[in-house]
Structure formats: C-alpha cells, structure tokens
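Student: With the hints as your guide, set chain S onto chain L.
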Amino acid sequence: MAAETEATGGLAGEMEVEAYRRLFPLAFLERHLRESVRPDARRPAEARPTTVALGAVSSAHGSALVRLGDTAMLASIKLELTSPPSEAPDEGSVVVEFHMPPICSPLVRPGRPAEVAPVITKVLEDILMSSRMLNLKELCLINEKASWLAYLDVYCLNADGSLFDAALISAVAAFTHLQIPLVSVGDDGRVFTVGRNEGKIKCEFVNREKRKLKLDNIPFSLTCALHKDSVLADPTAEEESIIETSVTIVLDSSDHIVSIQKPGGAVASMATIKECISLAKDRRRKLREILMDSVEAMEVDQTD
Amino acid sequence: MSHARSARGEREELRRHLAVDSDWPRADGRSFHDCRPAFMQTGPTTAASGSAYAEFGKTKVIVSVFGPRESKKAMMYSDTGRLNCNVSYTTFATAIRGQGVDNKEYSAMLHKALEGAVMLHTFPKTTVDVFALVLESGGSDLPIIISCASLALADAGIMMYDLVTSVSVSCFGKNIIIDPTSDEEAWQDGSLMVAYMPSRKEITQLTLTGEWSDGKITNAVELCMDACSKLCDILRERLKDPSSLASE
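Note that the protein sequences, when read in sequence, are chains L and S. The numbering used here numbers the first residue of the first sequence as 1 and each following residue consecutively. The numbering used here numbers the first residue of the second sequence as 1 and each following residue consecutively.
It is worth saying that the hints were derived from the structure and are not from the lab. No residue lacks a Cβ here, since even glycine has one placed at the ideal position from N, Cα and C. Hints should not be assumed to be uniformly reliable.
[What the hints assert, rightly or not] Listed below are the simulated DMTMM-like cross-link pairs for lysine to aspartate or glutamate, each with C-alpha atoms no more than 20 angstroms apart in a straight line:
1. 125(S) <-> 115(S)
2. 58(S) <-> 301(L)
3. 72(S) <-> 301(L)
4. 286(L) <-> 252(L)
5. 228(L) <-> 16(L)
6. 216(S) <-> 185(S)
[Claimed, not checked] Some, not all, of what chain L presents toward chain S, calculated at C-beta under 7 angstroms:
7. 28
8. 39
9. 55
10. 59
11. 76
12. 78
13. 81
14. 88
15. 101
16. 103
17. 105
18. 110
19. 153
20. 155
21. 158
[To be verified] Covered stretches of chain S, as calculated for chain L (at least 3 residues, CB under 8 angstroms):
22. 26-32
23. 39-48
24. 57-63
If we strip away everything but chain L, and leave its shape as in the complex, we get (with noise of 0.2 angstroms):
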C-alpha cells in the first residue's frame, strides 16, 4: 500500500489529473484528503446543495423533484380507495417501492435490476413507518368500509452516492406535497372520488376536512462516508466505490434516532458514530428549512 502511493506519487507529476484520478482513485482522494478538501472542493463535513420542488408529477397525488448534488430523485405518490385490512379496519395502508431504472447509471441494464434497488425499498418502508410521521388512521374515510391505498414510487434518475438520502427526503417531500382527493358516498353506497372538474355536482363529501396529512414527526438521514480518520458527509458516487465504510443516520423532528445502520467494512469507534450524528443534527435543520422554502414557493406560485 504504502508503496503504491509512493509509486504514484513520482508518477502523478507527470501524469494528466483525469488520468491519475481514474488510475489510482484512492491515492487521489487520500491526497486531498490530507489537505481537508475533497475531489469535488467540498470540505470534509460539508453536504451537497439540495433542491426540492414539488409537485412534478400531474398526474399524481403528491410528488416531488429532489437534487442532492447530481443525485436525483422523485417520487411520487398515488392514492387508490380500497376496503381496510381486516386486522386494522380504521387504518390506511402504504406501499413504497424504490426503482433504478437503467437510465440513472452505467451499471444497471433493462431486466436486470440493481442489487441496492430492493434494499433501499425496504429501509425507506421501515424508516417511513417506524418514525411514526404517518398516521394510518388518517388514511381511512369510513371504518371498515373505505380507506387510501398509496402507492409511493421513488425513482432516481440520477445515481450519484447517498441515493437512501435523496430518497428518503424526496418521500417526506412527496407526502408534504400530497392533496387528498374529494371522496363521496352514492346513493347505492359505493364510494367514490370527485375529481377536479365535477367539485359543482352537489354532494355530500366524506373528507372535506381531512384533505392534507398531519406530518407531525419528519425524518431525515445522513450518510457518512468513513475513510481511515475522515468523516465525508454525502459522499458521492466516485466516494462511495473508494471508502472503506459508511454509517447512516436517521434523525426525527426532535432529533432522536430513528435508525443507525452501518453495514459492514471496516469497523468504526463510537467516537466517530458520535461525530456523525451531530453531523447528522446539523443536516436535519438546515434539510428542514429546505422542506419548508419549498412548501412556500409552491405556496406562492398558487396564488399568483
């Protein structure tokens, strides 16, 4: 090892910086890190600008644009009238499916799903219900007669690291952004959406209350990647396939662990996991402000 950045280190002067950056990734970013910058001239701790419009989609219910450096994301969700479960019938249900389709990056191909895609699935799924931000009983309109079915679909359409990050805020985001729709009963007692265009028809509406979710409790995570004694906060894609290890946080609205996970590679102290979550705090505010600039501008371009 040591000799490899030895090796290198004679070589690099005389080498084109893409060249060397593509040869020797590691002794590339080990040289930066040594002097507290990284490849893309962010400071160690220091995440990615983050955008977030909402409301891309039309044709869905809730959704929203996320951009975490080149990483994007948007989700979207959907909303379908069912009959509750039987076991909960004055509860609502979810179903969250994260997708890589083959045009986010080079290694996924048509019918051969990315191997993180079902992971990621099933993370965001736990974290979305174990945080408690959803209230399922505000997705039932009639007990045991009428609830929501929301379909939430994450795409990226960028891969570019920290994908459960953008994913997950683009979820919160799209449930900020979800506008339930108007639901009355027939005189058959079928139950029914009203849809934009028929809000004239005289009807008695079920929900005319109940049209936003209470988000009471908003997660939000941050990743940190691990390299020797550097914590490299929203690691890119480049990062991500060098570093040894990374550890995930989930932070709650009043800051408590919703969820650490730290899969595998090498092994981290508790000081370093301690430097991450205050790393972690950090982001939730500054993600929070983002959430909620949003919210108004969306809110702004309504009323103009």
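Tutor: Just chain S, lined up with the frame of chain L:
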C-alpha cells in the same frame, strides 16, 4: 352515474367538433396544425455518456445513452456496432398505475427509427445503449422518445448521418390533427407517425394505422415532415448552446 354519462356526452361532442368542423380550438387551446410547445434540454443524467430531457405539454421523457461499451458476453462477434434500445414507463406515468412498465413494442420501434441514422461502423464490436424512461405520458409518446433519443445520442457524441426527429398526427373524419394528446389519441380514427432526417430529407420510419385515404396520407406526411424540420432546428440550437432554453 349521472356525471359519468355527462362526461361521455361531452367527449362525443368534442369528438364531433374535431371530425367535422374546419378549425375548432382543441381542449388545450391549440388549432389543428399547432404542435405543443417543445422544451428540450441536454445533460440531465450526469452518470451517462449523453442524455436529454423532453417535455411536450404533459408528456415528459428522459433518455440516457451509455457507451460505446463492451457488448454482452453472449453476443456474437460483429464488425459493426450494436444499438440497444429500451423504453420503460414509470408506474405513475399513466392514469392506471403500473400499465406497461417495460414497453417492448416501443423499444423495437425506437430501434428501427434510429438504426438508419447511427453510423454503426464507427464503433465496431461494441454496443451503444439507448434507454428511455417516460416520466409522464400525455400523448405522442413514441415520437417524443425518438426525438429525445436522437438529441441524447448527439450529446453523447455518437456519429450520426443526421438528427432524427419524429412527429405524429391523428385523423378525425376529414381533419388531420398534429401532435395529439392522450385523449385525442384515444378517440382518433387513425394515426400516422413519421421519423425523419431533415437535412437529408429521408424518412427512417413511417407507421400508419386506421382509416386513411390516399390524398390524406400525402397531406399528413408533408405536415409531419414540415413539423420535423422545425423540431430539428430546436434540437440543433440546444446542441450549439445548451444553456439557452429553446422552446417553441
């Protein structure tokens, strides 16, 4: 359901207007021979060699191009390059969830439309992958995918004889309507799609379905070719100056 019946009545009314009247404004306010404003942009997917985004009204498409890269191991040796096309839809692209997530028919049609334009001999033994994802389907999906794919190929620096642009028309009674929306496509009597290389004045693909008469076909093809040339100008502008937002 009374309102369902009235909706159907309204639809019949609109359909009759499209078929009989000379130039009735369409549901989105366009006249019969107006295309929707086209918004196109290169480079949404940085992970790909080249990519493009297209938005025509409600229809939104992203195309990524990868390669030229190593062909699949199982592939036979080939002197010329291969073009591999795949079209898929998001689960929320259509009104009913999860219809046609992987569209084999469009994948094959996209391949046929582009095959004649790409200089396959410039990348022997390798494959260029063209992957399209329809984020939202709002009518004229395939022609928009084809135009967007040719912009993405150009963005990736793949050698082509010319850019391919594509436009479709719907036939209603005696009228021809350009760039139909999904509603119009659902009620049409017939449809015609042209994929065209404007600088070479060559057609790479022409599909026709439904009821057509000879004279009308000639008219419709000319209408499409004209619109294709205009669309191609937008594509060229995009490639010359990616930062300016071209829309017509």
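Student: Compare the structure with each hint and give your call.
Tutor: Evaluation of the provided hints:
A C-alpha spacing of about 16 angstroms is found between residue 125(S) and residue 115(S), which places the hinted pair at or below 20 angstroms, so the restraint holds. Of the supplied pair hints, the one linking residue 58(S) and residue 301(L) holds, its CA atoms being roughly 19 angstroms apart against a limit of 20 angstroms. For the hint pairing residue 72(S) with residue 301(L), the CA-to-CA distance comes to about 48 angstroms; that exceeds 20 angstroms, so the pair is violated. With a CA separation close to 13 angstroms, the supplied pair residue 286(L) and residue 252(L) stays within the 20 angstroms bound.
Restraint check for residue 228(L) and residue 16(L): the C-alpha separation of about 27 angstroms exceeds 20 angstroms, so the hint is violated. The hinted pair formed by residue 216(S) and residue 185(S) meets the criterion: a straight-line CA distance of about 18 angstroms does not exceed 20 angstroms. The restraint placing residue 28(L) at the interface with chain S is violated, with a minimum CB-CB distance near 19 angstroms, outside the 7 angstroms limit. The interface hint given for residue 39(L) is violated, since its Cβ lies 14 angstroms from the closest Cβ of chain S, which is over the 7 angstroms cut-off.
A cut of 7 angstroms between beta carbons decides the hint on residue 55(L): the least distance to chain S is about 12 angstroms, and the hint is violated. This hint holds: residue 59(L) has a C-beta 6 angstroms from the nearest C-beta of chain S, less than the 7 angstroms allowed. Taking 7 angstroms as the C-beta contact cut-off toward chain S, the hint placing residue 76(L) at the interface holds, the least distance being around 4 angstroms. Using the Cβ-Cβ criterion of 7 angstroms, the hint placing residue 78(L) at the interface with chain S is satisfied: the shortest such distance is roughly 6 angstroms.
Because the beta carbon of residue 81(L) sits about 13 angstroms from the nearest beta carbon in chain S, more than 7 angstroms, this interface hint is broken. Restraint check, residue 88(L) versus chain S: the minimum CB separation of about 23 angstroms is more than 7 angstroms; hint violated. Because the closest C-beta pair between residue 101(L) and chain S is about 5 angstroms apart, less than 7 angstroms, the hint holds. For the restraint placing residue 103(L) at the interface with chain S, the shortest Cβ-Cβ distance is roughly 4 angstroms, inside the 7 angstroms limit, so the hint holds.
The beta carbon of residue 105(L) comes within 5 angstroms of a beta carbon in chain S, closer than 7 angstroms, and the hint placing it at the interface holds. Checking residue 110(L) against chain S: minimum C-beta separation of about 4 angstroms stays under 7 angstroms; hint holds. Annotation: interface hint on residue 153(L) holds; nearest CB of chain S at approximately 5 angstroms, less than 7 angstroms. Interface restraint check: residue 155(L) against chain S, minimum CB-CB distance 6 angstroms, threshold 7 angstroms, status holds.
The beta carbon of residue 158(L) is positioned within 7 angstroms of a beta carbon in chain S (closest approach about 5 angstroms), and the interface hint is therefore held. Coverage of the region 26-32 of chain S by chain L is violated. Counting CB-CB distances below 8 angstroms, 0 residues qualify, and the rule asks for three or more. Figure legend: the region 39-48 of chain S, annotated as covered by chain L; annotation consistent (5 residues with Cβ-Cβ distances under 8 angstroms, at least 3 required). For the region 57-63 of chain S, the stated coverage by chain L is satisfied: 3 residues place a CB nearer than 8 angstroms to a CB of that chain, which reaches the threshold of 3.
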